[in-house]
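**Q** The opening residue of the sequence shown carries number 1 in UniProt numbering; numbering runs sequentially from there.
Keep in mind that the hints are not guaranteed to be accurate.
[What the hints assert, rightly or not] Okay, derived cross-link-like pairs now, DSS-like style, lysine-lysine, Cα gap no bigger than 30 Å in a straight line:
(1) Lys16 x Lys67
(2) Lys75 x Lys90
(3) Lys90 x Lys47
(4) Lys104 x Lys90
(5) Lys19 x Lys75
(6) Lys19 x Lys37
(7) Lys90 x Lys19
(8) Lys16 x Lys37
[Unchecked claim] Quick list of simulated restraints, FRET-style, between CB atoms:
(9) Gly119 x Met13: 15 to 21 Å
(10) Gln110 x Ser45: 27 to 33 Å
(11) Gln110 x Ser11: 30 to 36 Å
(12) Gln86 x Glu59: 19 to 25 Å
(13) His73 x Met13: 32 to 38 Å
(14) Pro23 x Lys104: 34 to 40 Å
No lab work stands behind these hints, which were simulated from the structure alone. Please read these numbers as outputs of a predicted model, since none were measured by experiment. All C-beta atoms, glycine included, are put in the ideal place defined by N, C-alpha and C.
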Amino acid sequence: MPIPVTIADDSLMSRKAVKRALPPEWDVDITEACNGKEALLAVESGKAEVLFLDLTMPELDGFGVLKYLHEHHAKTIVIVISADIQPEAKRLVDSLGAFRFLHKPLQAEQLRETLFEVGLI
């Protein structure tokens with residue numbers, strides 16, 4: 001049975017890059033979200049057992065999504081993929097329960113290692 005995965009990023013190119021980096025053998029059902037509100041709708045609809053999350057998005061940013069998930073004890077596995085490399089951003093992401101913070105541009109091998117560590121592949 002496919003794992004429900006949501007890719008949340010306001011950039012279509014970035015969403016495509018994440019899809020290309022996913023291991024081909026990983027059985028997933030992908031939902032795309034253009035902003036944080038759409039990402040939370042996907043979580044609430046059961047479409048995000050795994051959430052790949054950008055931090056800088058319109059309407060509701062990635063920090064807002066993480067805060068909501070943290071406060072509501074969501075079981076979603078969140079992997080942040082962002083170009084924001086400021087140490088404070090990483091500390092905040094970690095404190096809000098993200099499993100990993102990966103930097104853009106995303107490397108397929110780095111993503112594979114992360115998925116292996118969380119037991120998804």
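**Q** Of the numbered hints stated earlier in the document, which are not met by this structure?
**A** 9, 11, 14
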